[in-house]
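Throw the hints in and build the complete structure from the sequences for me.
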Amino acid sequence: MKSFKIALAQFSPHIGNIDSNTQKMIEQANQAKKQDADLIIFPELSVIGYPAEDLLLRPNLNKRMQKAFAQLSEVKDIVMVFGFVNQTEDGQRYNSAAVMKDGQVLGVFNKHNLPNYGVFDEKRYFQKGHQHLVFEYLGHKFGVLICEDIWSINTVKQLSQLNVDTVLVLNSSPYEVGKPQHRKQTLSELAKQLHLNIVYVNQVGGQDDLIFDGTSFVSNQNGEIALQAPSFKEDLYIAEFDRDTKLYKVVESAPALETFAEIYQGLVMATRDYVERSGFPGVILGLSGGIDSALTLAIAVDAIGAERVQAVMMPYTYTSQISVEDAAEQARRMGVTFGIAEIHSIVNSFMQTLYPFFGNSPADATEENLQARARGTLLMGLSNKFGNLVLSTGNKSELSVGYCTLYGDMVGGFAVLKDVYKTIVFELAKYRNSLSETPVIPERVITRPPSAELRPDQKDQDSLPAYDVLDAILYAYIEEDLGQADIIAKGFDKEVVEKVIRLVDRNEYKRRQGAIGPRITSRAFSRERRYPIVNGWTAND
1 MKSFKIALAQ FSPHIGNIDS NTQKMIEQAN QAKKQDADLI IFPELSVIGY
51 PAEDLLLRPN LNKRMQKAFA QLSEVKDIVM VFGFVNQTED GQRYNSAAVM
101 KDGQVLGVFN KHNLPNYGVF DEKRYFQKGH QHLVFEYLGH KFGVLICEDI
151 WSINTVKQLS QLNVDTVLVL NSSPYEVGKP QHRKQTLSEL AKQLHLNIVY
201 VNQVGGQDDL IFDGTSFVSN QNGEIALQAP SFKEDLYIAE FDRDTKLYKV
251 VESAPALETF AEIYQGLVMA TRDYVERSGF PGVILGLSGG IDSALTLAIA
301 VDAIGAERVQ AVMMPYTYTS QISVEDAAEQ ARRMGVTFGI AEIHSIVNSF
351 MQTLYPFFGN SPADATEENL QARARGTLLM GLSNKFGNLV LSTGNKSELS
401 VGYCTLYGDM VGGFAVLKDV YKTIVFELAK YRNSLSETPV IPERVITRPP
451 SAELRPDQKD QDSLPAYDVL DAILYAYIEE DLGQADIIAK GFDKEVVEKV
501 IRLVDRNEYK RRQGAIGPRI TSRAFSRERR YPIVNGWTAN D
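Be aware that the sequence shown starts at 1, since it is given in my numbering, and climbs by one per residue.
Note that these hints are calculated values from the structure, not bench results.
Mixed in with the good hints, there may be bad ones.
Listed below are the simulated DSSO-like cross-link pairs for lysine-lysine, each with C-alpha atoms no more than 27 Å apart in a straight line [stated by the list, open to error]:
no.	residue 1	residue 2
1	K2	K249
2	K76	K34
3	K192	K246
4	K5	K123
5	K34	K5
6	K101	K63
7	K233	K249
8	K123	K67
Put into structure tokens, the structure is as follows:
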């Protein structure tokens, strides 16, 4: 045999649905056989999905794993390499990979390096493996590693010393901006350094706040990329090994996405998978005529289709006619269900009820927040009646500094732009418009100065620095973890930096109550950035 073929199953598991995942794996294995594949590799923990979190602690997990193995053993005439939970008789659990052919398990590899940082907490669930797995098939020596293992140079060197030809790497590596390119570049350099072929298959799909981009690839031992799977697309991809050259044949592959295309597609996939797998019939959002809700609407339509999206414009005294017109126009262009619900009577009723308690207190943000809370109440009422998921439309810049209203514009079950800074929101809106002959977001929505329209002639910059300045400070403080003095040393105004940091620190309580949303950075407001709500730390320490 002059060559053999490996199928990379860029697989989107339904977390915890072992029966469904197993059946889909069987279907993909059979499909791979039809494409003359000799071996198929699935992502990390493909049988249960990643991250399964405390589902891994369920007492009947091992029984379900055994059932999955029995079903997978019915697949014949192809080697399957897949991820599963390996629970030993003494109750120890391992994040493992099995190699199976014709119902026989040829070997099991237990993951060596357990990540316990950022979004990862594998040491909570798994024990560390110590032995390597090498198996020979079709005269070719394969080694197996799982995700974090490939980033440990010592682990990879140990495996390379066992004279393997190809390393099969099972991954569930979450997306963040720039990470697909980093993986490919780093591992192709490693392949060249250690003279190893690397087959890297990654999970794809949205899971709660995590996005898995896929972007699986094959790197030859000379560092050349032989195959590059698309990002954010579930499918099978075939790599063919040529015994004469001892390299995988280079095939025409998916081009790498530009940054804003990458982010946008990730947000669309995350929204679609969250809505679909949660069982919602559709989504609803408040369409204000501003850029955040406009972008959220576009993402929602691209994710699940216009027929399942409802947009509601809820004007009050301070809502401009331009905003009403732009909201209606975008809804028309995108073909969604659209309605206008004026909130004058609701807000006025709130105020009349509260005035006896307010006494002579001057008007302040309280009255502004009542408008936002009236809108939130209407959206939740419509959600309760028809079952649609409310999409929160706030962005990371606003959430960082608390420029949002609890139980108002923060209501919702999924915050699509939660990890997207305002400056990126503008770029994503422009990107989405570039995809259509007629822009789906009216140009005026992008070019107008942002405003919450909760008081006369209000602009965001009345309360906040210009967004390019604000986002730069936020990036330094949140993403780079720099202190106040270091940020000021970058050339920012001292008073502005102090104000921004103060706002970030004192609004932890708001962020803790917000809806989950897709993660695109390394420091999203979720599991990887955890600060106490009540604390005595000061920014100048």
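- Honestly, which of those hints from before does the structure not fit? 4
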